[in-house]
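A.B. asks: This is what each chain is made of:
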Amino acid sequence: MSSLGKQKSSNLEKSLGKGKPEVNIATFALLFSEIVQYCQNRVLTVPELQTKLSELGQHVGSHMLDVLFLREKGYKREIKLLSMLIFIKSTFWKLVFGKEADKLEQANDDDRTYYIIEKEPLVNKFISVPKDKGNLNCAAFTAGILEAVLNGANFPAKVTVHWHKGTTFMIKFDESVIARDKTVDGR
Amino acid sequence: MSRQANRAGDPRKVNGELFTLTYGALVAQLIKDYENDEQVNKQLDKMGYNMGVRLIEDFLARANTGRCNDFRETADVIAKVAFKMYLGLTPVVSNWSAAGDEFSLLLESNPLTDFVELPPGHANLNYSNLMCGALRGALEMVQMDVDVKFIQDTLKGDNITEIRLRFIKRLEDAVPVGED
Numbered sequence: 001m002s003s004l005g006k007q008k009s010s011n012l013e014k015s016l017g018k019g020k021p022e023v024n025i026a027t028f029a030l031l032f033s034e035i036v037q038y039c040q041n042r043v044l045t046v047p048e049l050q051t052k053l054s055e056l057g058q059h060v061g062s063h064m065l066d067v068l069f070l071r072e073k074g075y076k077r078e079i080k081l082l083s084m085l086i087f088i089k090s091t092f093w094k095l096v097f098g099k100e101a102d103k104l105e106q107a108n109d110d111d112r113t114y115y116i117i118e119k120e121p122l123v124n125k126f127i128s129v130p131k132d133k134g135n136l137n138c139a140a141f142t143a144g145i146l147e148a149v150l151n152g153a154n155f156p157a158k159v160t161v162h163w164h165k166g167t168t169f170m171i172k173f174d175e176s177v178i179a180r181d182k183t184v185d186g187r
Numbered sequence: 001m002s003r004q005a006n007r008a009g010d011p012r013k014v015n016g017e018l019f020t021l022t023y024g025a026l027v028a029q030l031i032k033d034y035e036n037d038e039q040v041n042k043q044l045d046k047m048g049y050n051m052g053v054r055l056i057e058d059f060l061a062r063a064n065t066g067r068c069n070d071f072r073e074t075a076d077v078i079a080k081v082a083f084k085m086y087l088g089l090t091p092v093v094s095n096w097s098a099a100g101d102e103f104s105l106l107l108e109s110n111p112l113t114d115f116v117e118l119p120p121g122h123a124n125l126n127y128s129n130l131m132c133g134a135l136r137g138a139l140e141m142v143q144m145d146v147d148v149k150f151i152q153d154t155l156k157g158d159n160i161t162e163i164r165l166r167f168i169k170r171l172e173d174a175v176p177v178g179e180d
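Protein chains in written order, with my numbering: chain R, 1 to 187; chain X, 1 to 180.
The hints are simulated quantities; they were obtained by calculation from the structure and are not laboratory data. Note that the structure is a prediction, hence the values are computed from the model and not measured. Every residue, glycine too, gets a C-beta built ideally from N, C-alpha and C. Accuracy of the hints is not assured; some may be wrong.
Stated by the list, open to error - Simulated DEER-style distance windows between Cβ atoms: (1) L44/R to G157/X: 40 to 46 Å; (2) K133/R to L60/X: 26 to 32 Å; (3) H164/R to D70/X: 54 to 60 Å; (4) K80/X to I178/R: 53 to 59 Å; (5) G74/R to G157/X: 31 to 37 Å; (6) A179/R to K84/X: 51 to 57 Å; (7) H164/R to G157/X: 46 to 52 Å; (8) R166/X to K158/R: 48 to 54 Å; (9) L44/R to D70/X: 45 to 51 Å; (10) N64/X to G134/R: 39 to 45 Å; (11) K84/X to S90/R: 29 to 35 Å; (12) F115/X to K158/R: 24 to 30 Å.
Model the full structure from these sequences, guided by the hints.
C.D. replies: Set out below in C-alpha cells:
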C-alpha cells in the first residue's frame, strides 16, 4: 500500500457506539420525501416505484442486520422461525422505529406466510398518497429493510406491502425455511 | 420532560442509524445512476435545497429564536439551535473573515457519515453535500443568499469537517418557490 499523505481513519478502528444518537423526525421525513420524489422521477409505474423503494430499503436492512444482532443479542442469531419473527416485531421494530410493531399474525391457510401489521409506519407518517396513485405505499421501503434482514439472517423470504388495517407487511418464506424449521428443535 | 425510562422514545425523534443508513442508500443509488461525482454532488445539493426550504418553516415554528440582527447571530443560531435540533450536534463557529461575511462550521462528528468510507475513485464526491443544500435552501427562505460548501471533510482524510458559508447578498422581494 502506498502511504497516504493524509491519514484516513479506518471505520474498523472506531468503536461501534451504542446507536443512541437520534435525529429529528422532520430531518428524516424530508430526506425520505426527497428519496421518494427522486425514485418517482425515474420510474413510470407505481409497482416500479415500490420496487425501487424496496431496493433502497434492502440496502439499509443489510447494513443494519449485523449491528443489531451484535448489540441486542450478543452475537447470537435466531435460528427458530418464530423467535426470529418475534425479534423483528419487538426488539428490531422498537429500536429502528421507536415502538413495537402492532401485530404479528400467521396466515390461516398457509404456513409460509406471516403478516406484520403496523397501523401507521414511521415512513408513512407525513405522506398523503395522491388519488391517481391509489395503491402506492411508501412503506415498501420498510418492507425492503425487513426482507434484507430476513435474508441476511438466512430466512429467505419475500416481503410485500399492502394497505390492510393500516399497512400490512406480507412475509412469504421460502419453502426451505419451513422445512428446516421443522427439523430444528424448540428450545 | 420526565418520561418513563422503558417507554418508546420521543415520538419526534428517529433512530440515528436508520437515518444514516437511509442517506447512505440514497447516495449509493445516486452513484449508480449518475456518471460522475460532480453530478452526484449537484443532485445531493438540489435535494438538500428542497429539504432546507421546508425545514426552515418547521424551524421558525418551533425554535422561537426571533430575528437575527447580523450574520454573526445567524451563525450562532445555525450552529447552536438548528444543527442541535435537526442533527443532534453542535458545530463550532469559527474562522470569521475580516469583513464578517464568511465563517466556517467545524463538525467533529457527522451523523451522515457514520459507517462510511469513501472507496477509491471518488475523490470528488462531497458525500454530505445534502447539508450544504439544506443550509442554502433554509437561508434563502429568510432572504439570505449564501454560498455553502465543504472545504474539509473527515471522509477525505482531513482532521475535521469544515463547511464554509459566505454571505452574498440580502434577497429583497423573495418569491415563494414551487414544489421542486
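A.B. asks: Would you list, in rising numerical order, the hints stated earlier that this structure does not obey?
C.D. replies: none
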